[in-house]
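Generate the whole structure from the sequences, applying the supplied hints.
Each residue of the sequence shown is one higher than the last, beginning at 10 in my numbering.
Do not rely on the hints blindly, as some may be mistaken.
Here are the simulated EDC-like pairs of lysine to aspartate or glutamate, each with C-alpha atoms no more than 16 Å apart in a straight line [to be verified]:
1. K170 with E206
2. K143 with D94
3. K143 with E206
4. K143 with D113
5. K117 with D61
6. K170 with D113
7. K170 with D135
8. K117 with D135
9. K117 with D196
10. K41 with D94
11. K170 with D196
12. K117 with D65
Simulated from the structure, these hints should not be mistaken for lab results.
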Amino acid sequence: HYLLLANFGSSSVTVLRINDDGSVGEQTAFMKHIGHGRDPAFQSKAHPHSIDVSPDNRFAIVSDLGVDKVFVYHFDASTGALSPDQSPFIEAERGGGPRHFVFDSAGKFGYSLHEMSGFVTVMAWDAVNSSFTKVQDSRTLQPNFVGANDSAEIGIHPNGKFLYESNRRFRGPELWVPYSIGVFAIDPTNGTLSEIEQVQPGGTMPRNFAIDPTGSYLFAANELSGNVVLFRIDGN
10 HYLLLANFGS
20 SSVTVLRIND
30 DGSVGEQTAF
40 MKHIGHGRDP
50 AFQSKAHPHS
60 IDVSPDNRFA
70 IVSDLGVDKV
80 FVYHFDASTG
90 ALSPDQSPFI
100 EAERGGGPRH
110 FVFDSAGKFG
120 YSLHEMSGFV
130 TVMAWDAVNS
140 SFTKVQDSRT
150 LQPNFVGAND
160 SAEIGIHPNG
170 KFLYESNRRF
180 RGPELWVPYS
190 IGVFAIDPTN
200 GTLSEIEQVQ
210 PGGTMPRNFA
220 IDPTGSYLFA
230 ANELSGNVVL
240 FRIDGN
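Shown next as structure tokens:
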């Protein structure tokens with residue numbers, strides 16, 4: 010019944026009502042983020058990059074690339090309101106740039122992809138206290154990585170066993186993999202990640218990908234080469 014938006018340029022978060030006929034209605038919430046991060050080129054002000062609703066529909070998680078924070082808002086599904094004004098948050102590493110986020114299907118863990126550092130931060134979720142506890146910072150890049158990185162998308166396989174993320178740039182002194190899709194196994198008990206492989210996406214700049222509902226295929230959308238590459242997934 011509601012449309013939730015993270016507004017990168019205006020440093021704000023908005024909720025709009027969806028009318029019965031499908032049209033967009035009144036604004037039910039507006040939150041303004043303030044602050045800046047370490048990198049003056051990309052973090053000169055707050056940049057909410059994504060907003061995701063918890064599996065129980067009670068919380069909205071906002072990844073803010075500009076201030077290196079993941080905010081936790083209460084979401085009222087009956088009114089569309091967000092609260093509180095000063096939302097609690099978990100801090101990312103300085104210059105990490107939280108971009109996209111995903112809950113596991115059970116709602117026990119959250120996974121935050123950091124665009125600039127290439128980390129995936131694993132966080133245990135406490136729905137009673139509406140708080141995260143950091144469990145792991147998993148690297149998606151090689152330890153000898155140097156240069157600029159732009160991680161983009163994150164997703165979990167329907168069976169809950171695997172996590173995927175895409176890197177738009179990836180360069181180290183002894184390794185040149187300009188673009189990749191990382192595949193990680195998820196520990197079923199503590200939610201931690203173990204890398205399985207890094208796969209070249211068959212094109213240039215995998216800005217987005219999607220997994221089909223059966224979990225059999227991953228579609229990698231490569232922005233600069235203008236192609237979508239189909240991968241078969243071994244879900245075992």
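- Query: What hint numbers does the structure not satisfy?
  - Reply: 2, 3, 7
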